[in-house]
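Keeping the supplied structure of chain A fixed, place chains B and C upon it in accordance with the hints.
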Amino acid sequence: MSDQSLRDIHWMLEILQTIDVGLVVINIEYEIQNWNGFMENHSGHRAQKVQNRNLFDVFPELPHTWFCQKVDTVRELNIRAFTTWEQRPYLFRFRTYHPITSTAEYMYQNSMLYPLENTSGEVEYIAIVIFDVTDVATNKLALQQANSELARISRTDALTQLYNRGYWEECLYRELLRCRRHQHTASLILLDVDHFKPVNDTHGHTAGDAVLRHLSRTIRQNVRETDIPGRYGGEEFGIILPETDSPKAFAFAERLRGLIEEEAIQIGDNSVSITVSFGVAELEQNMQTIEDWITRADEALYQSKQSGRNQVTAT
Amino acid sequence: MSSDHAQESGLPQELTEEQRDCYQEIANIAMGQAAALLSRLLGVFIKLPIPRVNLFELADLNMALQSLDHDEAASAVCQGFAGDGITGEALIIFNDSNFEDIAQLMNYSGEQSEAMHVELLMDVANILIGAFLKGLANQMDLTFSHGHPMVLGQHKLVRDLLQPSRQPWQQTLAIEITYSLEDHPVNCDLLLLFTEDSIRIMNQKVAYLLDD
Amino acid sequence: MPTSVLICDDSSLARKQMARALPRQWEVDISYATNGEEALAAIKAGQADVLFLDLTMPVMDGYEVLEHIRREDLPTVVIVVSGDVQPEAVARARSLGALEFIKKPIDPDKTLAALTQYGLL
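Same order as they appear, the protein sequences are chains A, B and C.
Residue numbering for the first sequence follows this note's numbering, beginning at 1 and increasing consecutively.
Residue numbering for the second sequence follows this note's numbering, beginning at 1001 and increasing consecutively.
Residue numbering for the third sequence follows this note's numbering, beginning at 2001 and increasing consecutively.
Simulated from the structure, these hints should not be mistaken for lab results.
Please read all numbers here as calculations on a predicted model, not as lab measurements.
Wrong hints could be hidden among the right ones.
Quick list of in silico lysine-lysine cross-link-like pairs, DSSO-like style, CA-CA up to 30 Å [claimed, not checked]:
id : chain 1 : residue 1 : chain 2 : residue 2
1  : C       : Lys-2110  : B       : Lys-1134
2  : A       : Lys-305   : A       : Lys-197
3  : B       : Lys-1134  : C       : Lys-2016
4  : C       : Lys-2044  : C       : Lys-2103
5  : C       : Lys-2016  : B       : Lys-1047
6  : C       : Lys-2016  : C       : Lys-2044
7  : A       : Lys-140   : B       : Lys-1156
8  : B       : Lys-1205  : C       : Lys-2016
9  : C       : Lys-2110  : C       : Lys-2016
10 : B       : Lys-1047  : C       : Lys-2103
11 : C       : Lys-2110  : B       : Lys-1205
12 : A       : Lys-305   : A       : Lys-248
13 : B       : Lys-1047  : B       : Lys-1156
14 : B       : Lys-1205  : B       : Lys-1047
15 : B       : Lys-1205  : B       : Lys-1134
16 : C       : Lys-2110  : B       : Lys-1047
17 : C       : Lys-2103  : B       : Lys-1134
18 : B       : Lys-1047  : B       : Lys-1134
19 : C       : Lys-2044  : C       : Lys-2110
20 : C       : Lys-2103  : C       : Lys-2016
21 : C       : Lys-2103  : B       : Lys-1205
Per the computed footprint, the stretches of chain B lying under chain A, defined by three or more beta-carbons under 8 Å from a beta-carbon of chain A, are [unchecked claim]:
id : stretch
22 : 1033-1045
23 : 1111-1119
24 : 1128-1134
25 : 1144-1152
No residue lacks a Cβ here, since even glycine has one placed at the ideal position from N, Cα and C.
Pulled out of the complex, with its shape left as it was, chain A reads as follows (with noise of 0.2 Å):
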């Protein structure tokens, strides 16, 4: 071999040592043959330290079975494999290269697989090469929290902290579509806190709210699970109840009515009592817009008012 050669090889090998990427390369046997800078500095295990052990024994966090098929795939297959930290976060659990201000615990990592044939063909080794990739990770995770968070924002009522107006007709629209399509049935109820301008009146605006906020946690604290309820406007909110029929869910309604008389609000010293009114209405063939449904429930919301209200009415 020529110098020129000697040379470019003994390079190469200081580049392979001291580059910012992982290199591992394992036998069949999962035994490690070779271990750059990398691994070494950021695993706090020296090569010579690590050569021929099992890289299972040297990292037992490591994922067996998945790990396995893995390098089965790229082995049997002959064939290079891509790994990403959004399957799984790490290969090796590493710290970060900003252990004190990273929002990240540990080294986000993307990993590729590569066999490596013996001279007669065979993959006799598989390399494994480590990408560190924490900054983009942590980036496009901070991006889908804000994401979801603004999503969660603009669909919220920030007094009550139920669905505002938009989202909750959103709802209502998908409730009808769903009930047409699977032939099923859901009861919109309409409410109205009683003589509520008084309140406001009486006891100022910070109360009118206490009252609100109040009214919104007993509706929360009430409905089921899959029940979805919403500021529809000022004082007046709506519930859908889906797989309900209308005198399921005027009864619901009515224990709710009961719950709200009954229950005395404390604003500051005073106490204050509330009652609401109800209209409820079922999901008919013959509604085409979630309008239909709404004016029917508010119809009905109308009666119980024009009745003496703190009642429910069903159409």
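This is chains B and C only, laid out in the frame that chain A set:
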């Protein structure tokens, strides 16, 4: 505007019949090699189609994707490659209803979860894209570097998987292959997209094959 | 008398590559078909002592051609030439009566070996 642009840069706006035939045959062979590996992994015979080769503007990519007939939610992985002046991306598109069958064929037990779906997508992508590119590179006498595969989207409608292109007038050479499993309701699309710059170089490469 | 050889493949590149891969010393009359139907017609017209047959084709694929040849007992020797290299594809082609299976891309040495083995040269 689009056709002017193509004319100015002197790029082919259409493939000759001979060129299309050539790409189709190269794809046919690469596709078969990938299928052999996938069928070994899944233990199922894979029905091979005739690959479709088309030249279109990136603006029409979404239309091309929708013609692949995924009317339900799908998931996709994409992987870039580059070599000898040829660059492009490979896409694997998977109907979400496929996951259960594939999980069973690959002996993945446990709950169907987001993480498992990424896992399955990556496994299938590794094989189909890896083997296809290997087959293509061998036939055209070149080598490719592969980027890291990326999950393009999960459980989305196909039209929402891709962002609109920044260079909608750019032409792309597209090879589309639909792999389907015999006796299983599983379909998986492999799409290879080559950049406008690559087309000229590729045309030169296939010219050698034709002249030889 | 030269052997009549029929090459059936939908791809013109593939037909050309197959023709090129035939041994030079082999005295042949080559004709071509682009799908299974054309191939059957050519066989019946006596243009195919040996048929090199692709599997994946429009109109009528290779498997159907094999079935027809067997059912109608057509006088030809079939060598399948395909990019579908799944072991199952090879097994199916053989069970349908293909004498040999040549994998694409075609290796001229293997083609020569197969032709010699079956005494076609």
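What hint numbers does the structure not satisfy?
none
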